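> Using the sequences and the accompanying hints, generate a full structural model.
There are 2 protein chains.
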Amino acid sequence: MTFADVREAVRRIAPHVHRTPVVTSATIDVRVGTRVWFKCENLQKVGAFKARGAVNAVLSLGDEVASRGVVTHSSGNHGQALAYAAAIRGIRCAVVMPDHAPRVKVDAVRGYGAEVVFCVHHERDRVAADLVAETGAAFVHPFDDPAVVAGQATVAAEFLDEVPDLDVLVAPIGGGGLLSGTVVAAAALSPDTVVLGAEPAAVDDAARSLASGVRQPAVTDPRTMADGLLTRIGELPFRILSQAGVEIVTVTEAEILEAATLFLERMKLVVEPSGATGLAALLASPERFAGKRVGIVLSGGNTDLAWYRPATTAPRNR
Amino acid sequence: MTFADVREAVRRIAPHVHRTPVVTSATIDVRVGTRVWFKCENLQKVGAFKARGAVNAVLSLGDEVASRGVVTHSSGNHGQALAYAAAIRGIRCAVVMPDHAPRVKVDAVRGYGAEVVFCVHHERDRVAADLVAETGAAFVHPFDDPAVVAGQATVAAEFLDEVPDLDVLVAPIGGGGLLSGTVVAAAALSPDTVVLGAEPAAVDDAARSLASGVRQPAVTDPRTMADGLLTRIGELPFRILSQAGVEIVTVTEAEILEAATLFLERMKLVVEPSGATGLAALLASPERFAGKRVGIVLSGGNTDLAWYRPATTAPRNR
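Here the protein sequences come in this chain order: A and B. Quick note: the first sequence, position 44, residue 44 per the numbering used here, numbers continuous. The number in the numbering used here is simply the position in the second sequence, starting from 1, with 318 added.
It is worth saying that the hints were derived from the structure and are not from the lab. Keep in mind it's a predicted model, so treat the numbers as computed, not measured. Where is the CB? At the ideal position from N, CA and C, for every residue including glycine. Check each hint, because a few of them may be wrong.
[What the hints assert, rightly or not] Simulated coverage check for chain A against chain B, where a stretch passes if three residues somewhere in it have a Cβ under 8 Å from a Cβ of chain B:
id, stretch
1, 15 to 24
2, 41 to 54
[As the list claims (entries may be wrong)] Not close to chain A: a few residues of chain B, all C-beta gaps over 12 Å, as computed:
id, residue
3, GLU359
4, ILE409
5, ASP443
See below:
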């Protein structure tokens with residue numbers, strides 16, 4: 001996967017995704033003591049950057065392959081994204097989802113015309129493989145796929161086009177599709193920009209993988225509100241990120257909650273906990289970013305807000 | 319107040335306010351059966367378009383007048399906006415607020431360095447007048463002020479610059495500063511665009527004023543979740559709006575709630591109920607907008623979300 005693939009992805013997906021806005025907040029700048037720009041992928045199609053990778057992957061398929069449809073497994077944004085991408089191309093899509101998936105997520109996938117196939121979580125690989133074997137559909141992995149990574153890289157390509165001289169660029173890491181795409185785009189467009197990953201401390205396999213140089217197993221039974229980042233870092237992202245020497249900052253649940261609440265109350269943006277880990281990293285160690293021009297990717301906005309506790313339950317004035 | 323004042327306001331306030339993004343949503347387009355663009359003043363400084371009018375008014379004051387400070391009364395966004403504007407100019411600001419104002423709103427005004435003066439609601443005019451008499455400060459009315467209206471007009475000026483060929487442009491109406499500014503800007507920049515106001519049915523004095531041609535008294539004891547639109551239509555806005563023959567669409571509380579929920583869940587934007595009345599008007603009578611290119615101003619995002627009921631309380635799938 002090279003920057004040529006990213007450039008091609010930019011062109012390919014442009015008619016089907018939003019060029020999302022970049023916003024700033026004086027409140028946040030004062031709070032963290034530096035200048036921060038936010039790329040609002042929560043305002044992207046399907047509510048997350050995942051639309052980019054899925055659209056790029058589906059539009060990259062040859063006609064004959066595409067005609068047999070696409071399959072993936074996902075309890076979250078990639079499932080919606082692939083359903084959206086398949087609808088654009090007018091092909092069939094099946095999404096393998098866990099039995100306990102929230103109804104809103106199931107309805108969202110079905111709303112794009114995709115079929116939902118339920119199974120218990122640990123059987124998802126087998127169920128998806130069976131679907132591929134039965135139908136000849138193409139499996140589109142959420143992150144271990146060069147076309148998906150090239151699609152996610154368009155976030156940073158747009159961001160650096162709009163704010164060219166960022167010192168630091170922070171993106172969340174789960175499987176690593178977004179972060180590895182960010183590295184590829186930044187290396188080509190702004191080689192002096194330092195790319196950092198932000199990961200919940202509760203599911204820190206990527207941080208440990210990159211620190212040790214060996215891809216670590218998934219954390220067992222992880223507990224984090226950042227439900228979009230539960231996945232183990234993928235092989236392709238791990239290769240790209242370790243080659244680039246990317247560092248991962250881990251953040252606590254309290255820092256994630258604080259960041260998501262700041263987005264909601266101060267910036268009027270609905271950001272899912274996973275999408276708030278970048279700002280959480282700033283809140284965690286402001287000294288590391290002091291005086292720098294910092295770009296942060298808000299990766300998504302799909303949340304039921306169950307984590308939110310309104311400040312107005314505080315006592316009244318006087 | 320003419321378009322020359324608007325042009326001047328654009329130049330004057332540009333360094334101090336955001337050029338807010340314009341966003342679209344396929345979900346909403348399908349839902350209402352037309353193409354809709356949203357101007358995100360919820361992402362404006364202080365969380366609402368009011369920053370524009372207040373900054374324009376404060377920066378328009380002569381040095382000697384400004385040196386004595388500014389005063390207003392407001393339980394909402396104008397108070398914060400004036401405090402912000404005064405901080406920019408480095409002058410004193412006092413905001414008269416009701417005794418029962420929520421602590422977050424009081425803290426926000428104080429956060430910009432302004433003084434908060436509490437009083438019972440019906441004495442606010444007298445208390446503000448006393449402050450003006452004591453200190454020689456300039457009173458900056460929330461909407462009955464040409465410099466404020468010219469500032470609010472910059473919303474539509476930016477909007478029509480970005481989406482030039484709107485058939486309809488909808489903005490909420492409370493006191494009428496935003497809507498009358500919208501009329502002045504649209505008349506100059508896009509004379510074929512029809513400007514409509516959106517007002518809660520529970521506080522429909524503006525609709526009745528413009529339908530009857532006579533400015534009506536404020537509704538007594540109004541009950542609406544759109545707490546930013548409780549105010550009676552002002553004299554200057556009434557003159558501008560009746561001269562232009564602007565029509566006001568009234569919306570129910572259920573329509574306002576539905577619109578605010580769509581913004582939160584589908585568009586990932588925190589929009590206060592007052593700011594959601596434009597979309598509520600589309601939901602109320604989609605046939606009126608069918609096939610048209612519609613622009614809607616999201617006027618603000620300052621809300622505690624107490625009105626929100628998550629969809630995820632719905633039963634699970636299967």
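> Now, for every hint given, state plainly whether the structure supports it.
Hints versus structure:
no., hint, in the structure
1, 15 to 24, "holds (count 4)"
2, 41 to 54, "holds (count 4)"
3, GLU359, "10 Å, violated"
4, ILE409, "19 Å, holds"
5, ASP443, "21 Å, holds"
In summary, the one numbered hint that this structure violates is 3.
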